[in-house]
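Each chain, letter by letter, is given below.
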Amino acid sequence: MTTDFFQYIVSGLTIGAIYAMVAIGYNIIYSVTEIINFAQGEFVMLGGLFAVFFAGPLHFPLYLAFVCAVGMTGLVGMAMDRFVIGRARNASVMSLIIITLAVSIILKGGAMLWWGKDPHSLAAFSTGGPIRLGGVAIQPQALWIIGICALIIIALTLFFRKSIYGQAMLACANNPDAARLAGIPVKYMVLLSFVLSAMIGAAAGVIITPVSMMEYDRGALLGIKGFGAAVLGGLGQFFGALVAGAILGLAESFCAGYLSSGYKDAVALVLLLLALFLKPEGLFGSGEARS
Amino acid sequence: MLVVKSVHTYYGNIHALKGVSLHVRKGEIVTLVGANGAGKSTLVNTICGMAKPSRGSIEFNDRAIEGLPPETIVRRGIALVPEGRQIFSAMSVEANLLMGGYIHRKNPGQVREDMDRFYGIFPILKQRKGQLAGTLSGGEQQMLAISRALMSRPDLLVLDEPSMGLAPLVTREIFAIIRELKEQGRTILLIEQNARAALKVADRGYVLEIGKVILEGEGPELLEHREVKRAYLGKGAKQIWEA
Ligand SMILES: Nc1ncnc2c1ncn2[C@@H]1O[C@H](COP(=O)(O)OP(=O)(O)OP(=O)(O)O)[C@@H](O)[C@H]1O
Ligand SMILES: [Mg+2]
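Listed in order, the protein sequences are those of chains V and L. Residue numbering for the first sequence follows this note's numbering, starting at 117 and increasing by one per position. Residue numbering for the second sequence follows this note's numbering, starting at 1153 and increasing by one per position.
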């Protein structure tokens, strides 16, 4: 009984870490541009499938496949801003959001053409069976997922707090006109936000693939759940995304364990709706969404 | 230093500037006064690159700058304190100053030094340096906005209605700061509705009406001008304008 409970906690936190990373991807673009990038889930899918491509047909070692997959997806994010979003900069935020939906459909279609419809697998990052703690079995990959998620969050926090470029990105988000008057090239900061988000999404995709495989149409669901975590935590709030991701992952895991795994996917949506009804600014939000 | 020649600017089909010319020489304080909607902000936005002129030329330090983006113009040495201050309200006071020095980011020693200088001039900013800028009072925000603009080490400082929305006492304080900047030998283009106070500190002034310069002259001379007195300093002018 208690071992089950702890088992659910471990798997909940693992998937929660993935949701948190997806949510942070939404947050970065949202805080610089107020755009909600519905292609965020596709970045996750692309990360996983690129890693499969580099590790499989190209026989790269895993760590190199990881780096290359994250880099390639970063390039996709760059292209998305340079050739699509950047071209439509005078459009309203709403039309830009719709454009991101279009981009997600294109990315999904492209992935289907390249990788086909079958799910692909990737080797786990370290070999060996699960680690046993009491009766609880912890897959080494779960530790990789939580560890990489933690590293990324620490690095991002340092970037936005300490680096002049991170601060400049926040300045663009806060007041783009004033940022331009101070000499900050807002255009490049927006580009940077797309690249960063794509890379973080891709990293989440690479580390989850050994656990649950990856196929061309996985992005949508991961994207929606990550979006749920982003809204629940308060759009633009990094710490909120982290906590909300964990809550979402745990809720799903308990639901699958104690109720039925059939309801699992509905949990994110129910939490998202509850958040929108009861606390539209999110758990840690600034109150912007309410107004 | 700054030469604006028959500049026209449109917003869609609203003709906001109809051939405005003016100049600012090194070390001068020049003021531009005019009623609401005269086009004062449009003119400074055109100078600083936030609005594009459709005709006319703008020269700064003998180089053409019209139509350049604001990121470039601030590097050429013009800093704007925009109307309504436009501080980074969700960032700390210190981060605001740091962003003001963004173009000198390769020289952190200098940025630090400048920052400490403004902390010395405005001790309140130092006290509040970790606080979100949006929580400062209006006057403090204006001090922050001016310091942030000066962090770029501009040759020309443009102030768009620095007294807007401030209590009379605070307005007086802001004008004291402007006078001090003048004594340091800075070059300033000051936009004001508060014509009396502005013309008192300025070496020269221009009066803008519906997109055109209708009068120009020395500060005190304009202050005595019949038209200016009628339109801007007369009965309509409120007590709070007396800084
Ligand atoms: N973004 C805009 N779009 C359309 N019209 C505008 C815009 N900004 C200003 N205008 C118009 O241009 C004219 C000049 O406006 P401007 O803001 O330059 O006046 P101002 O002299 O700065 O006034 P105030 O003292 O109120 O700041 C006004 O008629 C105004 O309605
Ligand atoms: Mg104005």
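Don't read these hints as lab results, they were simulated from the structure. Since the model is a prediction, treat every value here as computed from it, not as a measurement. Errors might be hidden in some of the hints.
[Claimed, not checked] Okay, derived cross-link-like pairs now, DSS-like style, lysine-lysine, Cα gap no bigger than 27 Å in a straight line:
hint : chain 1 : residue 1 : chain 2 : residue 2
1    : L       : Lys-1334  : V       : Lys-303
2    : L       : Lys-1204  : L       : Lys-1352
3    : L       : Lys-1157  : L       : Lys-1204
4    : L       : Lys-1364  : L       : Lys-1178
5    : L       : Lys-1204  : L       : Lys-1178
6    : V       : Lys-278   : L       : Lys-1258
7    : L       : Lys-1157  : L       : Lys-1352
8    : V       : Lys-278   : V       : Lys-303
9    : L       : Lys-1352  : L       : Lys-1364
10   : L       : Lys-1278  : L       : Lys-1258
11   : V       : Lys-303   : L       : Lys-1364
12   : L       : Lys-1278  : L       : Lys-1170
13   : V       : Lys-278   : L       : Lys-1278
14   : L       : Lys-1178  : L       : Lys-1157
15   : V       : Lys-278   : L       : Lys-1281
[What the hints assert, rightly or not] Label-pair ranges, simulated between beta-carbon atoms:
hint : chain 1 : residue 1 : chain 2 : residue 2 : range
16   : L       : Thr-1287  : V       : Ala-195   : 36 to 42 Å
17   : L       : Arg-1207  : V       : Tyr-179   : 57 to 63 Å
18   : V       : Arg-277   : L       : Glu-1373  : 51 to 57 Å
19   : V       : Gly-263   : L       : Arg-1331  : 58 to 64 Å
20   : L       : Thr-1287  : V       : Lys-303   : 41 to 47 Å
21   : L       : Lys-1258  : V       : Leu-385   : 46 to 52 Å
22   : L       : Pro-1320  : V       : Leu-394   : 41 to 47 Å
23   : V       : Leu-274   : L       : Arg-1331  : 39 to 45 Å
24   : V       : Ala-207   : L       : Ala-1319  : 37 to 43 Å
25   : V       : Ile-270   : L       : Glu-1361  : 57 to 63 Å
26   : V       : Leu-389   : L       : His-1160  : 48 to 54 Å
[Stated by the list, open to error] Take a look, some chain V residues computed to stay more than 12 Å from chain L by CB distance:
hint : residue
27   : His-175
28   : Met-228
29   : Ile-280
30   : Tyr-281
31   : Leu-286
32   : Cys-288
33   : Asp-293
34   : Ala-294
35   : Ile-300
36   : Val-302
37   : Phe-370
38   : Leu-390
39   : Pro-396
Cβ coordinates follow ideal geometry from the N, Cα and C atoms, glycine included.
Outcome of the hint check:
no. : hint                                 : in the structure
1   : Lys-1334(L) x Lys-303(V)             : violated, 35 Å
2   : Lys-1204(L) x Lys-1352(L)            : violated, 32 Å
3   : Lys-1157(L) x Lys-1204(L)            : holds, 14 Å
4   : Lys-1364(L) x Lys-1178(L)            : holds, 24 Å
5   : Lys-1204(L) x Lys-1178(L)            : holds, 25 Å
6   : Lys-278(V) x Lys-1258(L)             : holds, 15 Å
7   : Lys-1157(L) x Lys-1352(L)            : holds, 26 Å
8   : Lys-278(V) x Lys-303(V)              : holds, 21 Å
9   : Lys-1352(L) x Lys-1364(L)            : holds, 22 Å
10  : Lys-1278(L) x Lys-1258(L)            : holds, 23 Å
11  : Lys-303(V) x Lys-1364(L)             : violated, 34 Å
12  : Lys-1278(L) x Lys-1170(L)            : violated, 44 Å
13  : Lys-278(V) x Lys-1278(L)             : holds, 19 Å
14  : Lys-1178(L) x Lys-1157(L)            : holds, 17 Å
15  : Lys-278(V) x Lys-1281(L)             : holds, 15 Å
16  : Thr-1287(L) x Ala-195(V): 36 to 42 Å : holds, 40 Å
17  : Arg-1207(L) x Tyr-179(V): 57 to 63 Å : holds, 59 Å
18  : Arg-277(V) x Glu-1373(L): 51 to 57 Å : holds, 53 Å
19  : Gly-263(V) x Arg-1331(L): 58 to 64 Å : holds, 59 Å
20  : Thr-1287(L) x Lys-303(V): 41 to 47 Å : violated, 30 Å
21  : Lys-1258(L) x Leu-385(V): 46 to 52 Å : holds, 48 Å
22  : Pro-1320(L) x Leu-394(V): 41 to 47 Å : holds, 46 Å
23  : Leu-274(V) x Arg-1331(L): 39 to 45 Å : holds, 43 Å
24  : Ala-207(V) x Ala-1319(L): 37 to 43 Å : holds, 41 Å
25  : Ile-270(V) x Glu-1361(L): 57 to 63 Å : holds, 58 Å
26  : Leu-389(V) x His-1160(L): 48 to 54 Å : holds, 53 Å
27  : His-175                              : holds, 43 Å
28  : Met-228                              : holds, 41 Å
29  : Ile-280                              : violated, 5 Å
30  : Tyr-281                              : violated, 9 Å
31  : Leu-286                              : violated, 6 Å
32  : Cys-288                              : violated, 10 Å
33  : Asp-293                              : violated, 6 Å
34  : Ala-294                              : violated, 4 Å
35  : Ile-300                              : violated, 5 Å
36  : Val-302                              : violated, 8 Å
37  : Phe-370                              : holds, 36 Å
38  : Leu-390                              : holds, 27 Å
39  : Pro-396                              : holds, 19 Å
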